[in-house]
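K.L.:
Protein chains in written order, with the numbering used here: chain A, 985 to 1253; chain B, 985 to 1253.
Be a bit skeptical, because a hint or two may be false.
Repeated chains share a single entry, so a pair holds when one copy, or any two copies, can fit it.
Subject to a maximum C-alpha distance of 20 angstroms in a straight line, what follows is the list of computed SDA-like cross-link-like pairs (lysine to any residue) [unchecked claim]: (1) K1204 - Q1005; (2) K1165 - H1008; (3) K1006 - D1241; (4) K1028 - D1123; (5) K1204 - K1215; (6) K1028 - Y1120.
Rather than coming from a laboratory, the hints here were simulated on the basis of the structure.
Protein chains: 2
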Amino acid sequence: MHSTSQQISHETASEELLFLQKQHILLLEDQRAGQQLQQQIRPKTPWEAQGIRFDHCVVPALYLTGDSLDYFVLPDGRLFLYLADVSGHGTASALISMLVKNTVREFIFGAHAQHTDAVLTPASVLTYLNQRLLTYDSDRHVTLICVIVDTVQDLLLWCVAGHLPSPVLYSDGRAAFLCGKGQPVGLFENSTYSNEQMTLPQAFSLSLFSDGVLEVLPEKHLITREAALPKLIRAAQGDYTNIVQRLGLANCSNMPDDIAMLVLSRNLA
Amino acid sequence: MHSTSQQISHETASEELLFLQKQHILLLEDQRAGQQLQQQIRPKTPWEAQGIRFDHCVVPALYLTGDSLDYFVLPDGRLFLYLADVSGHGTASALISMLVKNTVREFIFGAHAQHTDAVLTPASVLTYLNQRLLTYDSDRHVTLICVIVDTVQDLLLWCVAGHLPSPVLYSDGRAAFLCGKGQPVGLFENSTYSNEQMTLPQAFSLSLFSDGVLEVLPEKHLITREAALPKLIRAAQGDYTNIVQRLGLANCSNMPDDIAMLVLSRNLA
């Protein structure tokens, strides 16, 4: 015989379950709408401009993500891209990622942008973004990699703001991290950023990741995981689909951190 | 005697409950962090500048809200404010509200803003905001009231973009809606906005609401609810705390829509 208290607990559990299911569905619908909006405002993938192909994917830890990326043609014709990782994850970081996206776009395309003769560089974008993010009273900062590709002069210009892992350049059967470091944006008033530069190989791929990618690498320690990334990209011959497959990004779920990956490539075999 | 199937259903209910509780707590924590961030980046309340006092409150329907507001001193010394309502509610609308806030601030304080001689008006802000929001591939639009207060010339300048209810001016024992209408921003390329203007009374309050406020008014039909708003404000003698109390905003929960209210006032008895 079941006791009365067990019966009550059975009923209570069922009632609580029903109530919680209702509440949970409300939140899930809300999160999915937010997730859909984040997808909507991301740039197209794949996308091609001036012979350079852009592919990206974003795997949120929960539903919304503070990982974000953008790419487009600058008013002067060069190609611009960034991959950013807002500290933390989820909805609060997603809100800040909107500030990042909008501030960068406003700086480049916004009011009176045409009135300046200054040549845009990744460092000038990050310097501006840092100042603007600091005007908001948020406790979040942002790490990012910002890149400009000049296909006329075949130049790669980039700047790294506290971001790990570094971008990986694959070319001619070799894969290596690009150099460069700087402070995250949205932390310090006096942060300065400097550009790095190299000649763009005729055939290459450049892979940008948020640090969540380190979680899906099998190596035990962070430092060996990071070192494993160029190896994996070399094995994948720099190919986006191949990298996605080797990282298992198509099937990963319940990750502790968001993962974002952006690969640009040209003339890959 | 309880059957085996009932026992299983009991265990299943308990297990499901536990699982759901865990998932739900994750989402709740995420939502609360997002909510906290929204609060952090809102302007101070109460706030005072040039003898004008600003008070506001925001009551989200869920956790995050597409209702937003901002106020600050313009570079030319006049006071600027807006109250905006992104279509829908919840997280997706909250993401768009970040674009609204950031675009307005970038237009006014951003790069190269000092290079223009054009005098800022509510209509010029809304015209710009409309164009910029349309560059995003979102299916949300925004209604808003945008106001500039010139305390040197005692001028009130405002523009309404598809927003209901209209702002209510209380002065000298009377309360009335301000005129003005225009299309929401983020919908049509060709929307145009025009400024309304009046002399600022020495003693007044100006109340701005999102349409969620109409849900807490007891009147049956939307049109009578709207009409009830100036009456309520007159009864409250234009006083913020009094309006909050009469609307019951301190205790309302599980509202179908977000509610935002912003009241500016000077020399109220």
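K.L.:
Look at each hint and say if it fits the structure.
P.N.:
Status of the hints after comparison with the structure:
For the homomeric pair K1204 and Q1005, neither the shortest alpha-carbon distance inside one copy (38 angstroms) nor that between copies (32 angstroms) is at most 20 angstroms. In this homomeric assembly, K1165 and H1008 never come within 20 angstroms of each other (Cα to Cα): the closest approach is 42 angstroms inside a single copy and 39 angstroms across copies. When the C-alpha separation of K1006 and D1241 is checked against a cutoff of 20 angstroms, the pair qualifies only between copies, where the shortest distance is 18 angstroms, while the shortest distance within a copy is 27 angstroms. Proximity of K1028 to D1123 under the C-alpha cut-off of 20 angstroms is restricted to the inter-copy arrangement: shortest distance 16 angstroms between copies versus 31 angstroms within a copy.
Taking the shortest alpha-carbon separations for K1204 and K1215, only the intra-copy value of 16 angstroms comes in at or below 20 angstroms, while the best inter-copy value is 68 angstroms. Within a single copy, K1028 and Y1120 get their C-alpha atoms only as close as 29 angstroms, which misses the 20 angstroms cut-off; across copies the closest is 12 angstroms, which meets it.
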